[in-house]
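A.B. asks: Chains as they are written, first to last, in my numbering: chain A, 1 to 306; chain B, 1 to 95; chain C, 1 to 275.
Calculated from the structure, these hints are not laboratory results. Please note: incorrect hints may appear among the correct ones.
Here are the simulated EDC-like pairs of lysine to aspartate or glutamate, each with C-alpha atoms no more than 20 Å apart in a straight line [said to hold, decoys possible]: (1) A/K260 with A/D206; (2) A/K274 with B/D32; (3) A/K158 with A/E169; (4) A/K274 with C/D242; (5) A/K274 with A/E100; (6) C/K178 with C/E199; (7) A/K274 with C/E63; (8) A/K260 with A/D20; (9) A/K260 with A/D204.
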Amino acid sequence: MTAVEADLAAGFAATIAAGDRIEPRDWMPEGYRRTVVRQVAQHAHSEIIGMQPEGAWITRAPSLRRKAILLAKVQDEAGHGLYLYSACETLGVSRQDLTEQLISGAQKYSSIFNYPTLSYADVGTIGWLVDGAAICNQVPLCRTSYGPYGRAMIRICKEESFHQRQGFELLATMMRGTDEQRAMVQESVDRFWRPALMMFGPPDADSPNTQQSMEWGIKRHTNDELRARFIEMTAPQAAALGVTLPGNDLDWDEFWRVVKGGGPCATERIAHRKQAHDDGAWVREAATAFAAREPREPQEPRGAAR
Amino acid sequence: MTRSEWPLYEVFVRSKRGLNHVHVGSLHAPDDALALRHARDVYTRRSEGVSIWVVRSDAITASSPDEKDPLFAPSGDKVYRHPTFYDIPDDVPHM
Amino acid sequence: MDDNAYAGLLVDDAHWAFGEAAHDDPLAGMDLTVPDGIDPVELASYCLVLGDDALVLGHRLSEWCSRAPDLEEDVALANIALDLVGQARLLLARAAAADPALVPDLPEGSPVPAEDALAFFRDAGDFRNATLVELPNGDFAETVCRVLVFATHRLALFERLSDHPDRALRGIAARGVKELTYHRDFAGRWFVVLAGGTEESRRRLEAGLATVWAHRRELGEDPQAEEVLGRVLDAAGVTAPDVRPPAILGGHTPHLTDLLAEMQSVARAHPRGRW
Ligand SMILES: [Fe+2]
Ligand SMILES: [Fe+2]
Numbered sequence: 001m002t003a004v005e006a007d008l009a010a011g012f013a014a015t016i017a018a019g020d021r022i023e024p025r026d027w028m029p030e031g032y033r034r035t036v037v038r039q040v041a042q043h044a045h046s047e048i049i050g051m052q053p054e055g056a057w058i059t060r061a062p063s064l065r066r067k068a069i070l071l072a073k074v075q076d077e078a079g080h081g082l083y084l085y086s087a088c089e090t091l092g093v094s095r096q097d098l099t100e101q102l103i104s105g106a107q108k109y110s111s112i113f114n115y116p117t118l119s120y121a122d123v124g125t126i127g128w129l130v131d132g133a134a135i136c137n138q139v140p141l142c143r144t145s146y147g148p149y150g151r152a153m154i155r156i157c158k159e160e161s162f163h164q165r166q167g168f169e170l171l172a173t174m175m176r177g178t179d180e181q182r183a184m185v186q187e188s189v190d191r192f193w194r195p196a197l198m199m200f201g202p203p204d205a206d207s208p209n210t211q212q213s214m215e216w217g218i219k220r221h222t223n224d225e226l227r228a229r230f231i232e233m234t235a236p237q238a239a240a241l242g243v244t245l246p247g248n249d250l251d252w253d254e255f256w257r258v259v260k261g262g263g264p265c266a267t268e269r270i271a272h273r274k275q276a277h278d279d280g281a282w283v284r285e286a287a288t289a290f291a292a293r294e295p296r297e298p299q300e301p302r303g304a305a306r
Numbered sequence: 001m002t003r004s005e006w007p008l009y010e011v012f013v014r015s016k017r018g019l020n021h022v023h024v025g026s027l028h029a030p031d032d033a034l035a036l037r038h039a040r041d042v043y044t045r046r047s048e049g050v051s052i053w054v055v056r057s058d059a060i061t062a063s064s065p066d067e068k069d070p071l072f073a074p075s076g077d078k079v080y081r082h083p084t085f086y087d088i089p090d091d092v093p094h095m
Numbered sequence: 001m002d003d004n005a006y007a008g009l010l011v012d013d014a015h016w017a018f019g020e021a022a023h024d025d026p027l028a029g030m031d032l033t034v035p036d037g038i039d040p041v042e043l044a045s046y047c048l049v050l051g052d053d054a055l056v057l058g059h060r061l062s063e064w065c066s067r068a069p070d071l072e073e074d075v076a077l078a079n080i081a082l083d084l085v086g087q088a089r090l091l092l093a094r095a096a097a098a099d100p101a102l103v104p105d106l107p108e109g110s111p112v113p114a115e116d117a118l119a120f121f122r123d124a125g126d127f128r129n130a131t132l133v134e135l136p137n138g139d140f141a142e143t144v145c146r147v148l149v150f151a152t153h154r155l156a157l158f159e160r161l162s163d164h165p166d167r168a169l170r171g172i173a174a175r176g177v178k179e180l181t182y183h184r185d186f187a188g189r190w191f192v193v194l195a196g197g198t199e200e201s202r203r204r205l206e207a208g209l210a211t212v213w214a215h216r217r218e219l220g221e222d223p224q225a226e227e228v229l230g231r232v233l234d235a236a237g238v239t240a241p242d243v244r245p246p247a248i249l250g251g252h253t254p255h256l257t258d259l260l261a262e263m264q265s266v267a268r269a270h271p272r273g274r275w
């Protein structure tokens, strides 16, 4: 390490130690940059792939109000992916590159979205438990050390709280409906509870990157801490709904299998994303060609544009 | 398939009268006109009375935070640097 | 949250799409008395036509979700779909309030609100929408053409409704004008971009326009819409296609039946359900 590099490294460490943010043009260790890119990219991919399981029910939503709520929710997830890809772009990685890496399988997304959605109750359960678990993970990330990521998270968390509320409210309404609807809710919760707990990642002992990520302030709590907090928060909500939560025993072999792409819907999720990306290629090209041909619109002199 | 990625734009929003425009994020668009539409759709959900600026990221000149930084030797670099490819290892996803 | 750069932006939930959708009663606060000299049955039937158009096109546009050419367009198309579903909800509720006889019978004690009974428990033969909105989605170019033609016609119509004697319909139209202006501009801009983009985009646009044009007559003769569409086509350097309207038996294509089978499947499986 040269003297200049040592100096820069010390400056970086001091910024982190002071709880300050790292901004895009700051010097940063290569490992830090790579870790941020990996985490933000995976998060962005999760938002985009996460549109599919619920999106499949937009065309079957059973009331006009639910149709609008679900569409607005899934639309938010597109926005979340967009904010996060932008945060990655501040580190010089383009959305196009990231999308290609998602499609090729080089980068992962949250394995929760490889589970199928089998009934309309799943829309409620995903909002309540999956968005709920996401909030637990994400609220601390508003204070993550990488500035653009933290700022994206502030906006995302605000919207996630609506996602969780709409999910809970759907389930609560269904629980006031027919016996059949109550059974649908319980069945859905039975299927999603353990996968939701697995969203916090493997136990701390098996999470090799956690320590470094915490030292860098990218992560702020361990997987097990966050999981325990989620379980504690959810229990009274389940009681209020009148559903029983299955046990908290987790099958980590299944977890690793799903993470490695063995989930029931993994192939179809990627194929769906690839299809949209490929089908859109001619549109993106056409707009680029058009913009290249059009002269930039003349700027009116407006004095100071403030 | 040719690679055709739209340029990146930075979005600034004045959410109500009396406030400055604040940087709220970025997006991609083929040109200025669509960038403005996208900004309305994505960052304001079309609420009325807000004022939006969009500017191509590569049109912004930024100061270097640390003049000793060898990566940014000529000060007054562009904020948007050219894409570099990062090979990202498999890992546990965090949502 | 400290250091929140968005404090000014995130003032209240109402400005998110969800804020609108959250209300239980779409017509809350509206005066629903049918004014003197207006036949409630005719008013209801008119609202049903307008509501069905919005519902079916909103549904088709919602099918784009997670399939658009890029994330920005995904968000934009969802916004348009949300506006149309919102219009449908108001118009169907208005129709039901003006003429309760329109609302299909549901089992005793069903909590399904009237606008949902109309949307989810009528068969294709009772739908009043134009065939233009029920056709399956083609590519993005076809959707751009469809939104352009639909929004242009509907905007011209809604502007005229601003002096309709029914206060509720007037209110719904006034709100719709702002939304439709945006839809028309969005589609108009893309129309020009695709026309002047690549050879492929031009070819697809012309094909999409031919499909849409053939179904346009059902939206009615409208000089104002005609004039606006003429200007957009001019700006894009596209000539209006010479196509004949297809002969459609019974007012609808079989696509509407398929669309409804999917849209109504959950609601009909639970006629006493609460959602
Ligand atoms: Fe999200
Ligand atoms: Fe969410």
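A.B. asks: If you draw a straight line from the CA of A/K274 to the CA of A/E100, is it 20 Å or shorter?
C.D. replies: holds, 9 Å
A.B. asks: Between A/K158 and A/E169, is the straight-line Cα distance small enough, at 20 Å or below?
C.D. replies: holds, 17 Å
A.B. asks: Taken at face value, is the distance from the CA of C/D242 to the CA of A/K274 at most 20 Å?
C.D. replies: Violated. A/K274 to C/D242 sits at ~36 Å, over the 20 Å cutoff.
A.B. asks: Between the alpha carbons of A/K274 and B/D32, is the straight-line distance 20 Å or under?
C.D. replies: violated, 28 Å
A.B. asks: Taking 20 Å as the top limit, are the C-alpha atoms of A/K274 and C/E63 close enough?
C.D. replies: holds, 17 Å
A.B. asks: Regarding the pair C/K178 and C/E199, is the alpha-carbon distance no greater than 20 Å?
C.D. replies: violated, 34 Å
A.B. asks: Would you mind confirming whether the straight-line C-alpha gap from A/K260 to A/D206 stays at or under 20 Å?
C.D. replies: Between A/K260 and A/D206 the Cα gap is close to 15 Å, so the pair holds against 20 Å.
A.B. asks: Between A/K260 and A/D204, does the CA-CA distance stay at or below 20 Å?
C.D. replies: Roughly 19 Å separates the two Cα atoms, so the pair holds.
A.B. asks: Below or equal to 20 Å on CA atoms is what counts here, so check A/K260 against A/D20.
C.D. replies: violated, 35 Å
Taken one by one, the earlier hints fail for this structure at numbers 2, 4, 6, 8, listed in ascending order.
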